[in-house]
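Residue numbers (the working numbering), protein chains in the order written: chain X, 1 to 216; chain U, 217 to 260.
The hints are simulated quantities; they were obtained by calculation from the structure and are not laboratory data. A couple of the hints might just be wrong.
With the C-beta cut set under 8 Å, the calculated list includes, among others, these residues of chain X facing chain U [to be verified]:
#, residue
1, D7
2, T9
3, T28
4, V46
5, K47
Don't be surprised by glycine CBs; every beta carbon is placed ideally from N, CA and C.
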Amino acid sequence: MVIDNIDLTINCGEKVGIIGANGSGKSTMLKLISGILQPTTGTVRVKGAIAPLIELGAGFDTELTVIDNIILYGVMLGYSQLEMRSRAKDILEFAELETYASIPVKGLSSGMTARLGFAIATDVTPNILILDEVLSVGDISFKNKCSQRMKDFWQDDVTILLVSHSMDMICENCHKVIWMEQGRIKMIGQTQDVINQYLECVDPTGMSSSLPQVNQ
Amino acid sequence: MIQESIRLDGVSLWRRTQEEFSYDLKKTIFSLFNGQYRQPAKKW
Chain X
1 MVIDNIDLTI
11 NCGEKVGIIG
21 ANGSGKSTML
31 KLISGILQPT
41 TGTVRVKGAI
51 APLIELGAGF
61 DTELTVIDNI
71 ILYGVMLGYS
81 QLEMRSRAKD
91 ILEFAELETY
101 ASIPVKGLSS
111 GMTARLGFAI
121 ATDVTPNILI
131 LDEVLSVGDI
141 SFKNKCSQRM
151 KDFWQDDVTI
161 LLVSHSMDMI
171 CENCHKVIWM
181 EQGRIKMIGQ
191 TQDVINQYLE
201 CVDPTGMSSS
211 LPQVNQ
Chain U
217 MIQESIRLDG
227 VSLWRRTQEE
237 FSYDLKKTIF
247 SLFNGQYRQP
257 AKKW
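Start from the sequences and build out the full structure, keeping to the hints where you can.
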């Protein structure tokens with residue numbers, strides 16, 4: 001079984017990190033929440049608009065230009081074409097892709113595609129933002145920009161689900177963490193507690209660097 | 217009052233894709249032909 005009998009409740013405005021080994025079911029769970037996959041059994045209930053950044057370039061039509069994809073993505077999230085056109089300049093500016101507006105998405109590098117996805121998804125201020133390792137391909141300066149924008153979201157009522165293998169990123173941005181193993185939730189709780197248990201399990205010798213403190 | 221944003225109740229997924237299903241089916245049929253079929257382990 002890929003996902004095995006998961007019961008989970010996430011409240012509005014919660015920033016939740018999801019950790020676990022490759023193949024533990026993190027991305028699959030996010031796809032179930034996003035409606036990309038349908039569960040075999042059980043129910044998934046979601047309240048509000050979701051902006052999922054699950055796979056690099058997912059949701060983009062690579063043949064269309066950057067600007068057309070911005071409009072398309074926004075329209076799929078329920079915004080009007082006119083509104084998205086007015087937002088496009090800010091999105092391009094944040095993604096640092098002003099000069100690429102009329103280039104097809106297939107011409108962008110993986111880092112550029114990730115920047116574009118993040119810029120659109122966070123500009124339209126969804127109710128739920130899903131980030132699945134998409135920031136790992138960005139450069140340092142863009143990661144800093146993303147962190148700043150995530151901090152802005154922190155104040156808002158936006159629910160964020162963040163999958164990352166970077167414990168630093170999870171610690172900085174989440175106050176609750178889900179640890180997944182073999183399609184099940186192994187542990188759920190406060191960020192530092194879950195990460196400590198996780199690292200103890202995967203790295204019992206303590207070879208990894210010391211953990212950053214949770215700044216909440 | 218705290219509002220729920222996401223709720224999963226007893227959610228299970230057996231296979232991600234149709235391809236995965238086809239692969240499992242073919243594997244089962246071949247193992248039957250070769251006399252190597254083994255029942256899946258029971259879940260407790």
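Here's how the hints hold up against the structure:
no.	hint	result
1	D7	holds (6 Å)
2	T9	holds (5 Å)
3	T28	holds (6 Å)
4	V46	holds (5 Å)
5	K47	holds (6 Å)
Of the numbered hints given earlier, the model fails none.
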